[in-house]
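As you go down the protein sequences, you meet chains U and A in turn. The opening residue of the first sequence carries number 1 in my numbering; numbering runs sequentially from there. The opening residue of the second sequence carries number 1 in my numbering; numbering runs sequentially from there.
It is worth saying that the hints were derived from the structure and are not from the lab. Just so you know, nobody snuck in bad clues.
Each computed SDA-like pair below joins lysine to any residue, with the alpha-carbon atoms no more than 25 Å apart:
1) 179(U) with 112(U)
2) 149(A) with 55(U)
3) 179(U) with 169(U)
4) 149(A) with 48(U)
5) 179(U) with 279(U)
6) 52(U) with 271(U)
7) 80(U) with 146(U)
8) 149(A) with 30(U)
9) 179(U) with 31(A)
10) 179(U) with 201(U)
11) 179(U) with 26(A)
12) 149(A) with 56(U)
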Amino acid sequence: MAVAATTETGARPARAGRRLSAPAWVGTVPFLGYVAIFLLWPTGIVVVDALKNPNGAWAFSNITELGNPLVRGYFIGSFKLALISSLLGAVFGAILAYAVASGDPDGTVRRLYLAVSGVLAQFGGVTLAFAFLVVIGPVGLLFHASWFYSFPWGITVIYAYFQIPLMVLVFLPAIDGLKVQWREASENLGASAWQYWRHVGGPLLAPAFLGGTLLLFANALSAFATIWAWENQIAYIVPQQISIALSSEVGLSNVNVADLLALGMVIMVAIVMTGYALLLRRAARWLR
Amino acid sequence: MAAVTALSEAPGAESAGRPRGMQARRRRRLNLFRYVVFTVFGLFFLVPLLAMARFSLEGATLGTWSLTAWKQIASYQGTGVPPLISSIEITLELAVITCAVMLVLLVPTMIWVRLRVRWLARTMEFLCLLPLTIPAIALVVGLGQIYNKLQHFSLSALMLFWVYVILALPYAYQALSAGLSAIDVETLSEAARSLGASWFTVMMRVIAPNMRQAILNALLLTASLVLGEFTIAFLLLYNNLQVELYSISRNTPNAGVLFSTSLAALLLTFVLLLILSYAGRRRRGRG
Chain U
1 MAVAATTETG
11 ARPARAGRRL
21 SAPAWVGTVP
31 FLGYVAIFLL
41 WPTGIVVVDA
51 LKNPNGAWAF
61 SNITELGNPL
71 VRGYFIGSFK
81 LALISSLLGA
91 VFGAILAYAV
101 ASGDPDGTVR
111 RLYLAVSGVL
121 AQFGGVTLAF
131 AFLVVIGPVG
141 LLFHASWFYS
151 FPWGITVIYA
161 YFQIPLMVLV
171 FLPAIDGLKV
181 QWREASENLG
191 ASAWQYWRHV
201 GGPLLAPAFL
211 GGTLLLFANA
221 LSAFATIWAW
231 ENQIAYIVPQ
241 QISIALSSEV
251 GLSNVNVADL
261 LALGMVIMVA
271 IVMTGYALLL
281 RRAARWLR
Chain A
1 MAAVTALSEA
11 PGAESAGRPR
21 GMQARRRRRL
31 NLFRYVVFTV
41 FGLFFLVPLL
51 AMARFSLEGA
61 TLGTWSLTAW
71 KQIASYQGTG
81 VPPLISSIEI
91 TLELAVITCA
101 VMLVLLVPTM
111 IWVRLRVRWL
121 ARTMEFLCLL
131 PLTIPAIALV
141 VGLGQIYNKL
151 QHFSLSALML
161 FWVYVILALP
171 YAYQALSAGL
181 SAIDVETLSE
191 AARSLGASWF
201 TVMMRVIAPN
211 MRQAILNALL
221 LTASLVLGEF
231 TIAFLLLYNN
241 LQVELYSISR
251 NTPNAGVLFS
261 TSLAALLLTF
271 VLLLILSYAG
281 RRRRGRG
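Take these sequences, add in the hints, and give me the full structure.
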């Protein structure tokens, strides 16, 4: 109460000194304007152009082109790659996160793995494709994997390089949230390790695990640089096809192909990310 | 934790032996599991990097060692592309500009929303996290038109910073938001205001210095994002470091300079993030 009163007396002279008293939200206009121009406007352009013909007339029937076998093929490719790489990334990432979490919370191993994960989770660029090219590719030092250029397995192994660290980053807080007391309590009640994981640890971690998997799924859907540097002759997934559509005129007639594909991607990723947000909220209920 | 452990050990010496033996066995098994996991994943993460390092040190003939590729970073000139060093400069400049714009745009707005426009907080959070749901590859389709307009004013690749700020928003927002919620913004600003400080002073000299760590985190994350960005620069036909590396790899496959430059960029990012990790620990130790 006293503090509030102080604010009032403190604020009043300043406000009186101002000639024009604008509402407080005006202070957020630069930020909102920036976001509107460089985020909302381009997104709007994508949505509008996806529903228009190249000559500018509205054509809502374009949306049915997403069912075109050719287009559907890219979406199925994207879905397959995202699914496989997110499942593998999530399982291995969770195992690694558990190994990291069970060590000294302020130790070097944990610090190192976290720092490395932070770097590698962002390492989904052109460089990553080079790195695997020289390990298992046609010029590989280790061996020449015949499956290196196979879709989706070759690229999944490459994607695992940034998916696993990302899973470590998002799943580690959940494992850290498992209280030792719960383990001790279940042991005192005579539970085996399996029973503990089946009835206590597993259910508690499930939302965080599923949420992490969804985040990885969205991450794999949106990734472009790595797969483009890995193989740019054949388009397997939507981002590759967007890139091709942007740089060439070939494609479906009467449709802004790039916009339509981009709209399809935004919808897919938005659904997945909404699921992620909901699961994250659920996971936060117990693990804080 | 200590209390429960003490409790479980307290009742009688006769039962204490068995649980302790079980604990020891579990600990041994856990340690074995950890060593195996760390080794396997360590190899998976390390081998590609080592292979890149080996390739960057390859001499003129296979199997020899030389530093040529590392020396070439400063002088390499691929066919049909600008000199490598110029794209490195552009990328570093972009990182600095993006960081500066992001700070100027986001920090005051976040503090302001927190203090005076609370009802906008959810909208702001939504807008800041929105780029996570709009992949760069989708955003770039719409950006083409906007950049067409921008190119009437400037053709420089530095113009990429406009959209890089957007890409960095989610990461910077999360870092800054963690910092903001860790301090008592209301009390600080009320104290400063009651002493006659202007809102500018409150933000720049009272609140911002208190969230120095969060600001550093946001800067490092933004910088590392810019260093690795390819999609948008490539599709808007600008030339940054990653695009240049890609072009070199298409014209001269397996050029040593590819691997030395990639590795140098990666090491720079790693150092940035290691600073972040250790700066965080120092602060915790002090507090």
